[in-house]
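Engineer: Residue strings, one per chain:
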Amino acid sequence: MALAGFLLRRILYAAGLVLAVLILNFVLIRLAPGDPTETLAGQMGGMTEEIRAELRQAYGLDLPMAQQLVIYVGRILSGDLGYSYFFNLPVTSLILERLPATILLLLASLIVSVVIGTTLGVLASRKPQGLLSQLITVGSVVGYSAPVFWTGMLLVILFASVFPILPVSGIRSAAISQGPWLDMLDVARHLVLPALSLAFVQMAQYSRLTRASMLDVLGADYIRTARAKGLAERTVFFKHALRNAILPVVTIIGLQFGNMLAGAIVVETVFNWPGLGRLAFDSVLRRDYPTLLGLLFFSSFLVIVANQLTDLAYRFVDPRIKTG
Amino acid sequence: MAGEPLLSVEGLCVEFKGARGIARVLNGVSLSVAAGETLGIVGESGSGKSMTALAVLRLVPDPPGRISAGRVLFRGEDLLQASTPRMRDIRGNKISMIFQEPMTSLNPVFTVGAQICETLTLHLGLRGEAARRRSIELLKDVRIPAAEQRFDEYPHQLSGGMRQRVMIAMAMACEPSLLIADEPTTALDVTVQAQIFDLLREIQKARGMGLILITHDMGAIAEMADRVAVMYGGRVVEEGTTRDVLDHPQHPYTKGLIACVPDLDQEVGERHALTEIPGVVPSVWDLQQGCPFADRCDEAIAPCRTSMPADVVSNGHRVACWQRPGERA
Ligand SMILES: Nc1ncnc2c1ncn2[C@@H]1O[C@H](COP(=O)(O)OP(=O)(O)OP(=O)(O)O)[C@@H](O)[C@H]1O
Ligand SMILES: [Mg+2]
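Going down the list, the sequences are from chains A and B. Read left to right, the first sequence gives residues 1 to 324 (the working numbering). Read left to right, the second sequence gives residues 1001 to 1329 (the working numbering).
Be a bit skeptical, because a hint or two may be false.
[Unchecked claim] What follows is a set of in silico ranges between Cβ atoms, one per label pair, in the way DEER data are often shown:
hint	chain 1	residue 1	chain 2	residue 2	range
1	B	Arg1134	A	Phe159	55 to 65 Å
2	B	Arg1134	A	Ala262	49 to 59 Å
3	A	Ala232	B	His1248	46 to 56 Å
By construction, these hints were calculated from the structure, which means they are not laboratory data. Even glycine gets a Cβ: it sits at the ideal position worked out from N, Cα and C.
Input sequences plus hints: build the corresponding full structure.
Structural biologist: Rendered as structure tokens:
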């Protein structure tokens, strides 16, 4: 009962947040200089002022901004994200078409960065002054400071010219299917580099956080109690310490989701990965307002869902937090 | 004291490495406790009581700490020479320890029951339902109401006194022959303190277990301890039967401690902890030459500042002070 009430409150809160994000994005985009009809005009090799005015009217761009906003929000509430100016397709189907590629990329880098990052952090905390620990610390600082596009470019250069063993562009090699297993392998091979470059920054962050958190926890009184019980050092470390040290990491996973989405825009552009990030990048260049707004709406929705899930997960792993 | 002691600590030294060099935290601590006996350890904050307890179980944080000399004989076996697996077999099984801070000594993410069961599984091989039943028995033994329900609760759901009871239950899980209780009541309010002392005394009587009780509370010593060791500056400066030490203190520091206690005949709980003797415990970082208490001592004479007095023993009453002449060991 308490849980249901709690969930309901959460959902209402999230809905309010999405609405706020929506309005903000709408206003920001209109404030930016330029206009989609200019882009269209450019593509068609010029157009007369009359045709441009007609187009503006057709798209509703001639109405006052407040009115446009009301119309837009109303449409979204009825589940309609509008039509792309550029593709002439419903934004919803554009997004859904590209969603799987992005989800695949995000999940792969999430798993890689959390698993490798926390493992490195734990290893580094075993002997905080040891060589391994120092190496990991230096590696994390480098990884944390390297911009995603830079890591991505380096990987592209490395694997395109020096070791051409992994594909550096796209998601599939051949358009024709070679059977489900070979296709999957093909996608997996294409996934390696983009996922790694997106994971790198996150990995660095998780390892730093895990190391700090482990060192903190290892000084706690209950660790002394665990040792006084006669437990093996391994059990003290991995059961009693890690189980506590992982708590702040869980919080960060949720907070990092937004950063990962932002990183995906860069990575997908660098590696030509056909996901939402590239669609966003292209839509900005094309001033494709409906697509861009749809993407922003959708990604803020994803981020909020991720944060709510993290919150729930946190309640699950930390018994001290009560629902309510 | 009849026969071989259960635990005897001889010349124990512990050092800490720090930015300012090496700190000698324990400087040749010797003491012993027999089965069924209660040894009280008293002394001001920083005198090395907790460190002595940790060193017995080899739990001194290393690095930066290190046991640099001495012997810890448990039933004749030197624990400082024992292998790591042997040591793990002794901890929580033959020798248990409870700590000063019940609020933080239990792991917050595991239930009380899981933490007791862990000890039972580790040392006695009890699992599942058997472990659960035994844990609940142990919780009942330490007078925890609604033990079945408490079993599934997390530490944060219990009060400080209840948590300390859980710690005691956990420590008693394998019926150890020695229990080291490091200021088990300091963090608790006075009525709860008396209850915990009663509980410890009762368990000790029933099991015939050796008990080392570390405390600031002279009254608790008077009531609980058979013998008492007074620590100062990483040394035991006086040791003897509780009656002897309390009625005829030999060391000026012990006299000071006793003078600070208002009235030993008051009930436990109505007494106050030690009030201060003027001055402070010397820093462990300062190189000591003479008696560590010399600077605060009214009776100090020339040799006190230059060399550490050796122990003088008469009738089982040991004191380390230049003012107590006698045959020195
Ligand atoms: N990690 C450490 N590094 C350096 N010195 C330490 C460290 N831990 C403890 N000490 C020193 O060891 C000395 C003895 O500490 P200990 O905890 O044994 O005192 P205590 O008698 O138990 O005091 P209290 O009554 O406050 O519990 C203190 O002077 C303390 O400063
Ligand atoms: Mg202490």
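Engineer: Work down the list of hints and note, for each, if the structure agrees.
Structural biologist: The hints, checked one at a time:
For the pair Arg1134(B) and Phe159(A), the supplied restraint of 55 to 65 Å holds, since their beta-carbon distance comes to about 60 Å. Taking 49 to 59 Å as the suggested C-beta distance range, the pair Arg1134(B) and Ala262(A) conforms, at roughly 54 Å. As the Cβ distance of Ala232(A) to His1248(B) is approximately 48 Å, the hint placing it in 46 to 56 Å holds.
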